[in-house]
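Asker: Could you build the full structure based on these sequences and the hints that come with them?
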Amino acid sequence: MRDVARLAGVSVATVSFVVNDSKPVSPATRLRVESAMVELDFRRNAVARALASRRTRIIALLFPVLQHRLSDNAARFFTGAAEAAAELGYTVVLWPEPSDPDALREFTSDGLIDGVILMEVRLDDHRVDRLLAAGTPLTLIGRTRDPSGLDYVDVDFEGMVELSIDRLQALGHREFALLEEVERADLDGYGPVVRVQETFHAVCAARGLRARTLQCTPDPAGGREIAATLQEEAPEVTAVLVLNDRAALGFVSELGRRGVSVPDDLSVVLVASTREVSEAADPALAVTLLPAAQLGRMGVETLIGRLDGTLGELRHELVMGAFLEGASLAPPR
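Mind the numbering: the sequence shown is residues 80 to 412 in our numbering, read in order.
What the hints contain is simulated information worked out from the structure, not anything from laboratory work.
Note that the Cβ used here is the ideal one computed from N, Cα and C, for glycine as well.
Don't take each hint at face value.
[As the list claims (entries may be wrong)] Just the calculated beta-carbon pair ranges, DEER-fashion:
id	residue 1	residue 2	range
1	G335	D298	16 to 24 angstroms
2	R289	G335	20 to 28 angstroms
3	D151	S332	17 to 25 angstroms
4	V117	D203	52 to 60 angstroms
5	S101	D151	35 to 43 angstroms
6	L393	R289	37 to 45 angstroms
7	E277	G251	24 to 32 angstroms
8	D225	P106	47 to 55 angstroms
9	A285	S332	32 to 40 angstroms
10	G287	V398	47 to 55 angstroms
Answerer: So this is what it looks like as structure tokens:
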């Protein structure tokens with residue numbers, strides 16, 4: 080910095096103001112400093128900066144890979160988060176959560192990261208307790224059972240389900256089913272699943288609609304199998320909400336093979352999914368889009384705002400993606 084100051088004809092403090100963007104500097108002076116930096120090939124030393132400020136400007140996305148596969152949606156979360164962090168002068172690292180819970184404490188206690196964004200949150204999530212006990216700043220993409228003392232942004236699953244039922248009920252449907260993943264120990268208490276289930280049954284009960292839940296494995300084979308089950312055991316169902324992306328295409332394909340027309344015989348809505356999954360089906364399925372990139376960005380902005388002291392009250396925000404009509408909605412026969 081002294082070399083840059085000498086070449087630019089300014090003080091070391093002025094160079095610091097330009098490098099750290101900490102105080103206003105006239106455009107002419109900034110240009111001289113930046114030109115000197117280019118000529119001398121000056122770069123900020125991230126390690127030195129971290130030592131001086133006791134901040135690494137690195138934040139971690141904690142994602143439990145063992146329980147949740149790295150899907151296209153997950154990639155969208157990561158991309159949105161990385162773009163927001165870069166704009167704010169931070170770096171994001173993806174931390175595939177280890178199976179050993181003690182490793183989480185080691186990871187957060189050695190000073191390598193400034194804070195954590197917690198993903199795939201359960202209603203009772205031990206990771207929150209461990210991070211709070213360690214004094215690690217954190218933001219949730221998701222919600223615990225009682226998130227009142229935490230910053231969070233989340234998908235408005237309740238709103239998505241109710242909107243989907245609104246559209247189907249307006250067409251005259253009264254016999255509903257929810258298709259979700261088969262119960263697994265690693266999904267026990269998983270927020271999105273619980274909230275979709277509870278909202279689906281509560282809304283249907285309040286409106287006098289008949290509702291049942293179907294479960295299958297998260298793959299096309301599971302979708303094909305549950306299509307046969309639906310036709311054989313619940314032929315009265317005329318509308319299905321699907322919270323199982325990987326089974327959706329097999330489900331629709333098998334319905335067609337069995338002579339069940341979508342949408343003439345059965346209307347289908349994907350919940351919290353993507354345009355790509357919707358358009359891969361024949362016909363294209365109605366879908367409430369998962370705002371993954373937006374939530375990744377919001378999670379980073381929330382955590383950095385808390386770290387930098389620019390965020391005031393706790394942030395509690397729900398986001399609902401757009402509803403795409405597709406070609407899978409029609410009145411019941």
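Asker: With reference to the structure, classify each hint as holding or not holding.
Answerer: Quick rundown of the hints versus the structure:
Checked against the given bound of 16 to 24 angstroms, the beta carbons of G335 and D298, roughly 18 angstroms apart, stay inside it. Checked against the given bound of 20 to 28 angstroms, the beta carbons of R289 and G335, roughly 25 angstroms apart, stay inside it. As the Cβ distance of D151 to S332 is approximately 20 angstroms, the hint placing it in 17 to 25 angstroms holds. Hint check: V117 to D203, Cβ distance near 54 angstroms, so the stated range 52 to 60 angstroms holds.
Distance hint check for S101 and D151: the Cβ-Cβ separation is about 40 angstroms, which falls inside the suggested range of 35 to 43 angstroms. Checking the proposed 37 to 45 angstroms range against L393 and R289 shows it holds: the Cβ atoms sit about 40 angstroms from each other. At about 25 angstroms, the beta-carbon gap between E277 and G251 stays in the expected band of 24 to 32 angstroms. The hinted range of 47 to 55 angstroms is satisfied by D225 and P106, whose Cβ atoms lie roughly 51 angstroms apart.
Under the hint 32 to 40 angstroms, the C-beta atoms of A285 and S332, about 34 angstroms apart, fit the expected range. As the Cβ distance of G287 to V398 is approximately 30 angstroms, the hint placing it in 47 to 55 angstroms is violated.
Hint 10 alone, counting from the list given before, is not met by this structure.
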